[in-house]
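The sequence shown begins at 1 in the UniProt record's numbering and counts up one residue at a time.
Derived by calculation from the structure, the hints in this document are not laboratory data. Don't take each hint at face value.
[Said to hold, decoys possible] Straight line, CA to CA, 20 Å or less: simulated EDC-like cross-link-like pairs of lysine to aspartate or glutamate: (1) Lys76 <-> Glu104; (2) Lys76 <-> Glu54; (3) Lys38 <-> Asp118; (4) Lys76 <-> Glu91; (5) Lys38 <-> Asp86; (6) Lys38 <-> Glu28; (7) Lys76 <-> Glu109; (8) Lys38 <-> Glu91; (9) Lys76 <-> Asp52; (10) Lys38 <-> Glu99.
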Amino acid sequence: MSFMVLVQQVGARARTDGERRVAAERMERMHRYGADLKARGLLLASDSLRSDEEGVRIQVREGKRSFSDGPFTESKEIIGGFFLIDVHTREEALAIASECPAAEWSIVEVRQSGPCFDE
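With the hints as extra help, turn the sequences into a complete structure.
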């Protein structure tokens with residue numbers, strides 16, 4: 001079964017030098033976490049996502065496309081990155097997500113992949 005481990009974080013903002021050092025240490029911990037998942041044969045894909053300031057939202061209504069450039073003011077939290085893992089059970093996915101260092105400073109959400117509706 002595939003599960004997406006999503007890392008939610010507070011939107012981007014200017015950081016002090018001390019905050020940048022902490023962020024660099026946290027990023028190193030996240031890289032080690034990903035490397036460990038890969039070594040265990042559980043990682044299908046992972047990546048960080050750039051700031052919502054660079055994002056674009058697209059809607060098509062009545063055949064007309066509209067685009068909204070970021071930042072998205074209604075968003076208090078953004079998805080900062082993800083790990084796509086392949087495990088046998090939901091419980092295993094939750095245990096692996098609980099090991100994610102980001103759970104100490106952000107919110108880690110676990111969602112199983114699959115069809116968006118049941119027939």
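Original post:
Is the hinted pair Lys38 and Glu91 satisfied, with a Cα-Cα distance of at most 20 Å?
Top reply: Distance ~19 Å between Lys38 and Glu91 Cα, so the pair holds.
**OP:** Sort out whether Asp52 lies within 20 Å of Lys76, counting only the CA atoms.
**Re:** Between Lys76 and Asp52 the Cα gap is close to 11 Å, so the pair holds against 20 Å.
Subject >> Straight-line alpha-carbon gap Lys38 to Asp86, limit 20 Å >> reply: holds (11 Å)
Original post:
When you check the alpha-carbon spacing of Lys76 and Glu104, does it fall within 20 Å?
Top reply: holds (18 Å)
Original post:
Does the alpha-carbon distance linking Lys38 and Glu28 stay inside the 20 Å limit?
Top reply: holds (15 Å)
**OP:** Compare the distance between the alpha carbons of Lys76 and Glu54 with 20 Å, and conclude whether the hinted pair is satisfied.
**Re:** holds (16 Å)
Subject >> Restraint check for Lys38 with Asp118, where alpha carbons must lie at most 20 Å apart >> reply: violated (31 Å)
Original post:
Under the criterion that the straight-line Cα-Cα distance not exceed 20 Å, is the pair Lys38, Glu99 satisfied?
Top reply: Cα-Cα ~14 Å, so holds.
Original post:
Can the restraint linking Lys76 and Glu91 be considered satisfied, given a maximum Cα separation of 20 Å?
Top reply: violated (29 Å)
Subject >> Satisfaction of hint between Glu109 and Lys76, Cα-Cα up to 20 Å >> reply: holds (16 Å)
Comparing the model with each earlier hint shows violations of hints 3 and 4; every other hint is respected.
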